[in-house]
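Number of protein chains: 4
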Amino acid sequence: MTIRVGLIGAGVMGSDHARILSTAVSGVELSAVSDPEAARMARIVETFGPARMFTDPVDLIRDGGVDAVLIASPDQTHGALALACLDVGKPVLCEKPLAASVEECVRVIGKEQAMGKRLVTVGYMRRFDPGYVEMKRRLDGGELGAALVMHCIHRNVAAPSFMTAPMLITNSAVHEIDISRFVLGREVRRVSVVTPRRTRLSNMQDPQIVLLEMNDGVVVDAEIFVNAQYGYDVRAELVCEKGSISLTPPHDVTVAHSGSESFAFPDDWRPRFALAYRSELQAWVGAIGSGVPAGASAWDGYVATAVANAGLKSLASGEPTEVKLEARPACYS
Amino acid sequence: MTIRVGLIGAGVMGSDHARILSTAVSGVELSAVSDPEAARMARIVETFGPARMFTDPVDLIRDGGVDAVLIASPDQTHGALALACLDVGKPVLCEKPLAASVEECVRVIGKEQAMGKRLVTVGYMRRFDPGYVEMKRRLDGGELGAALVMHCIHRNVAAPSFMTAPMLITNSAVHEIDISRFVLGREVRRVSVVTPRRTRLSNMQDPQIVLLEMNDGVVVDAEIFVNAQYGYDVRAELVCEKGSISLTPPHDVTVAHSGSESFAFPDDWRPRFALAYRSELQAWVGAIGSGVPAGASAWDGYVATAVANAGLKSLASGEPTEVKLEARPACYS
Amino acid sequence: MTIRVGLIGAGVMGSDHARILSTAVSGVELSAVSDPEAARMARIVETFGPARMFTDPVDLIRDGGVDAVLIASPDQTHGALALACLDVGKPVLCEKPLAASVEECVRVIGKEQAMGKRLVTVGYMRRFDPGYVEMKRRLDGGELGAALVMHCIHRNVAAPSFMTAPMLITNSAVHEIDISRFVLGREVRRVSVVTPRRTRLSNMQDPQIVLLEMNDGVVVDAEIFVNAQYGYDVRAELVCEKGSISLTPPHDVTVAHSGSESFAFPDDWRPRFALAYRSELQAWVGAIGSGVPAGASAWDGYVATAVANAGLKSLASGEPTEVKLEARPACYS
Amino acid sequence: MTIRVGLIGAGVMGSDHARILSTAVSGVELSAVSDPEAARMARIVETFGPARMFTDPVDLIRDGGVDAVLIASPDQTHGALALACLDVGKPVLCEKPLAASVEECVRVIGKEQAMGKRLVTVGYMRRFDPGYVEMKRRLDGGELGAALVMHCIHRNVAAPSFMTAPMLITNSAVHEIDISRFVLGREVRRVSVVTPRRTRLSNMQDPQIVLLEMNDGVVVDAEIFVNAQYGYDVRAELVCEKGSISLTPPHDVTVAHSGSESFAFPDDWRPRFALAYRSELQAWVGAIGSGVPAGASAWDGYVATAVANAGLKSLASGEPTEVKLEARPACYS
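Protein chains in written order, with the working numbering: chain U, 1 to 333; chain S, 1 to 333; chain Z, 1 to 333; chain L, 1 to 333.
Wrong hints could be hidden among the right ones.
Any copy will do: because identical chains look the same in the list, a pair fits if it lies in one copy or spans two.
Straight line, CA to CA, 25 Å or less: simulated SDA-like cross-link-like pairs of lysine to any residue [as the list claims (entries may be wrong)]:
{"hint": "1", "residue 1": "242", "residue 2": "161"}
{"hint": "2", "residue 1": "90", "residue 2": "103"}
{"hint": "3", "residue 1": "136", "residue 2": "271"}
{"hint": "4", "residue 1": "117", "residue 2": "63"}
{"hint": "5", "residue 1": "242", "residue 2": "258"}
{"hint": "6", "residue 1": "242", "residue 2": "198"}
{"hint": "7", "residue 1": "242", "residue 2": "165"}
{"hint": "8", "residue 1": "242", "residue 2": "252"}
{"hint": "9", "residue 1": "242", "residue 2": "201"}
{"hint": "10", "residue 1": "242", "residue 2": "202"}
{"hint": "11", "residue 1": "324", "residue 2": "197"}
{"hint": "12", "residue 1": "117", "residue 2": "292"}
{"hint": "13", "residue 1": "242", "residue 2": "271"}
{"hint": "14", "residue 1": "136", "residue 2": "249"}
{"hint": "15", "residue 1": "136", "residue 2": "290"}
{"hint": "16", "residue 1": "324", "residue 2": "55"}
{"hint": "17", "residue 1": "136", "residue 2": "252"}
{"hint": "18", "residue 1": "136", "residue 2": "23"}
Derived from the structure by calculation, the hints contain no laboratory data.
So that you can see chain U by itself, here it is in the shape it has in the complex (with noise of 0.2 Å):
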């Protein structure tokens, strides 16, 4: 059986979609689209094949054509299209954040709650980077003891024009945030932002440092600097009772030249997660036709933007500050 996708968003991300789901996922097909701007959507159909074309998203999500739903419009369309697609009963795969405010992630796990029935996942791709993946196992594993501490380090190149302080928290540091979750297994419970010397290359409070205390106690400290200069570069350490696992930087070859002998990094986070991308997706289709979840549920991209909200708090006032979640639904657990 073949998945109908239908794909809403057309831009940087959505095409990146659209083009791993055409030419390097299984049992799926592309079956339309929607955007604003119809020169975008027609440049995907154009390069990715058939799929019809729709103005209004709302229209794609009931089309009867279509089976689930991939939403990669801007953050702030999230969870009203969310929540539309559990309306019909249609699986969804949400491009991070769930939503905008902690408010509207609320209504969709109390929607999901009432279905009984999970149709929501979360992009939060990095749950199947096989470095993540692989430090979780040998985590579960046991043979390293508990874990005590995490070290995350989230470097850009340069941010986007529109990228404000904030924005470190809610848009770079919320990857740190699921991460922490998905290797720990354990919430947070408390955020510290500490703001070191600023890049004379920026305007904002760049780089940031987010400290998160785990349930259990363990620490996790997030370097998130999103105007590094040198590279995209994404490193995590999991310190355990007796050894410590850390990611290796992705590179294929070494080259001496120059006096030197590098590897390259990536230019952003597109080529970096280009396998977990695509094992997200084949995750998700999969999981569309086994009918068990994989990946981030509505859940998990409720807890990642309300701590991200604590850590704006901690932020703006320089303290640590609690996070409070709601009651964890049993269909989460």
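Using the hints provided, position chains S, Z and L relative to the given structure of chain U.
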């Protein structure tokens, strides 16, 4: 359009191809399988979904529900099956070697030449490994100047009991032969096999060093060691006039434990070249759709076997052996 | 001219210094040794050649056959012995810490200031480690822009039984304090100690994360983990505006064996910093000859102890603690 | 007791030895220097302190104020000067080669044999490089089984203008010959030189691959490339029955900058082998004191030259060449 693939051979490699085709490749479905052992066929159908079963592979090849054929049966059957595919004009991906003898390889390329059409792809999957692809890209980019020397290492944990000293060349070194031709874009004109001290953990001449002299003078030295014990390890360094490019041994994490920091080797070629196998199959499916061949051609399959044969002579004689090739038909240039 | 050195303390560090002085440093001889235990003194004399033995270290300090003094006795004796050296105007290399209390450190710098002459060097040997030296050189070179964040890791295999939670700061973190000041060229203005989940392999708060805020806003985060089990591991990464510099864990070989490729960690700080210790002693001897001080000064020793004390307050209170320093005497600028 | 060393040769290597002896070695002083150029001698005396100057190196050798001699003059003078040292019974460290001809080497070992005493050390400093030492230690430890193959790489940035193709063997490969013998503990029985495509950045046959067959069948393949442009790079991998040991290219830091992470190569052999040179000199001084020889003996110097000569024949003829050695005198076992 979905390509309906018939798989011949339900052993280790066949099952792996079935898995990849069914779970990780776009635009394809496994529609038929053939194997002398019914139980092995049945296992594939159970695991990867409905596919018709054929006792006789030629029936599968001729079947109207099969658009393209994947040959993963024992080596000595490859040539005849590939020819049978050409008889009915169907695209075929044949696991290496193309055929067990040079003569049979010549028949395949002769037939393609006669048909004026390339339908055969040979499964030298390394051509899709990101490391070798990047190595070739950097060489072709020109920044490092001309290639001069290429160092290759090919180590297996332990050879199966049927392995013999000549098979180090025909089964293992043949990959080094193909990938050297791919990266360097040159033919081999002479082969010498050097026989170092043997490991006591085998009864045959293991390791061997295979020296290839390319037709522009580049020398490739390839250590083949099929009882290396410690892990499956394939490496390559391309030394150029102004710099050098080396494959990085793939690994996602390093672990600090018990006094050392380490990364793990894969157990065998399947995890090591998992990305390459997937990309090879995806490229093959794409090439069927587009009509533009991708991957190693029948010519490449013939040359690899011819060069390996020269290697066998050198192993027997202890002397360098010239490689004599047929003229290259126009359809392969 | 050969400098005649008197060594105070014949324990682990003292013996190591005796060995280095006697076998690897130019322009020096070990002429005297003092230790309360006669047997330990005798062992040094037997192993490293003729040196006079003193029961009372002050007799050694005052002896006419001693040109310079190396203090490697227990921490609480350092301050008084350093002052005794100043009394007789002899150069002294005092193992860290300079003194057990801030007050005693202040007495030493006060005395040097009064003498208008720097005779005291404190054994913060990392200032001679090639990695930190190169890190500083690259930062000072300017190509990477200003420093913003420094990540430090300090892990021991297992703490001795007398170790307590505060000693993670005074004995271990004190090295991170000194080397951060050295690399960054800045003073610390605030210290916070974060207490993650504890390892069950110790009875105290281990690990700890020490956050230093430098007076230009640079933030140093130093993980101190003295029961890390897997090896002695000291790392640092300096994140700058345009790039980042990391120490490479020193190792001479990698070994591929039993499924993985690995390098070994040193057992403790002596092999890890063997080059640094030799260079420190050589530089000290050179500085005595030239009159130009090298290495950490009494001021540096005082500051390290003062900052560590602020860290102790933060560990006890759970709050960030301001560092208050004496005015820096002119002789230390 | 301080060993008074007389240095012959005040060029690049001589000056470097003077520096190391004067600033980094225990138990020694530079008491005399000899060079045909007075200005070069004067520079050494100015920089490294009082030493008497001799125009005639034999005067230096015979001088009563010289306990031991370090020969760093041009290659063709080595043999005669070493013999002159033996004439007066003084220990001598002779930079490699021991002598310019096999015959002269034989005279030196004959003389030592007649004296029944080893006074000559040859400056194959790699024997003191921590990486090779560790490689040998691990091999001798037995855990990895017997050695089978050794891969060596020897690359210089650019050859001096006087360099010729045969000098790749006599000046560069000679180091690989010596270190292979040292690590493997075996003699070479056959040498073949393979000549790959030449770099266009030189007028001679560069690179070359030198194959050594040891007398237990181990094969060493050594790539010599003296115009490699990108940096000074010496590597080695020792492949054993159960595992493999590789030298790590020494570097203290990595730098992430401008799209890649890199470490720097040294410019030439002096920084690369700085530790080895210091240890070699320290060991030589220690050996003079203890009477127990350390480092490469005159026999080792003779063999390296004899094997290199066989390499020259192979380079000229294109054929493998047998190595014929004198019987090994008892004093060298």
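Quick rundown of the hints versus the structure:
1. In this homomeric assembly, residue 242 and residue 161 come within 25 Å of each other (Cα to Cα) only across copies, at 18 Å, whereas the closest approach inside a single copy is 44 Å.
2. In the homo-oligomer, the alpha carbons of residue 90 and residue 103 lie at most 25 Å apart inside one protomer (22 Å), although the nearest pairing across protomers, at 57 Å, exceeds that limit.
3. In this assembly of identical chains, the alpha carbons of residue 136 and residue 271 lie at most 25 Å apart whether taken from the same copy (22 Å) or from different copies (19 Å).
4. In this homomeric assembly, residue 117 and residue 63 come within 25 Å of each other (Cα to Cα) only inside a single copy, at 21 Å, whereas the closest approach across copies is 43 Å.
5. When the C-alpha separation of residue 242 and residue 258 is checked against a cutoff of 25 Å, the pair qualifies only between copies, where the shortest distance is 8 Å, while the shortest distance within a copy is 40 Å.
6. Taking CA atoms no more than 25 Å apart as the test, residue 242 paired with residue 198 passes between copies only; the shortest distance there is 12 Å, against 36 Å inside one copy.
7. Taking identical chains as interchangeable, the C-alpha atoms of residue 242 and residue 165 lie at most 25 Å apart only when they sit on different chains, with a minimum of 19 Å there against 37 Å within one chain.
8. Taking the closest pair of Cα atoms, residue 242 and residue 252 come within 25 Å of each other only across two copies (20 Å); inside a single copy the shortest separation is 30 Å, beyond that limit.
9. Proximity of residue 242 to residue 201 under the C-alpha cut-off of 25 Å is restricted to the inter-copy arrangement: shortest distance 9 Å between copies versus 40 Å within a copy.
10. For a Cα distance limit of 25 Å, the shortest separation of residue 242 from residue 202 across copies, 12 Å, qualifies, whereas the shortest one inside one copy, 40 Å, does not.
11. Proximity of residue 324 to residue 197 under the C-alpha cut-off of 25 Å is restricted to the inter-copy arrangement: shortest distance 20 Å between copies versus 30 Å within a copy.
12. In this assembly of identical chains, the alpha carbons of residue 117 and residue 292 lie at most 25 Å apart only when taken from the same copy (11 Å versus 46 Å across copies).
13. Taking CA atoms no more than 25 Å apart as the test, residue 242 paired with residue 271 passes between copies only; the shortest distance there is 21 Å, against 33 Å inside one copy.
14. Taking the shortest Cα distances, residue 136 and residue 249 sit within 25 Å of each other both inside one copy (17 Å) and across copies (21 Å).
15. For the homomeric pair residue 136 and residue 290, the shortest alpha-carbon distance inside one copy (24 Å) is at most 25 Å, but the shortest distance between copies (41 Å) is not.
16. For a Cα distance limit of 25 Å, the shortest separation of residue 324 from residue 55 qualifies neither inside one copy, at 39 Å, nor across copies, at 63 Å.
17. With identical chains, the CA atoms of residue 136 and residue 252 are at most 25 Å apart both within one copy (23 Å) and between copies (12 Å).
18. Within a single copy, residue 136 and residue 23 get their C-alpha atoms only as close as 29 Å, which misses the 25 Å cut-off; across copies the closest is 23 Å, which meets it.
When held up to the earlier numbered hints, the structure conflicts with hint 16 and nothing else.
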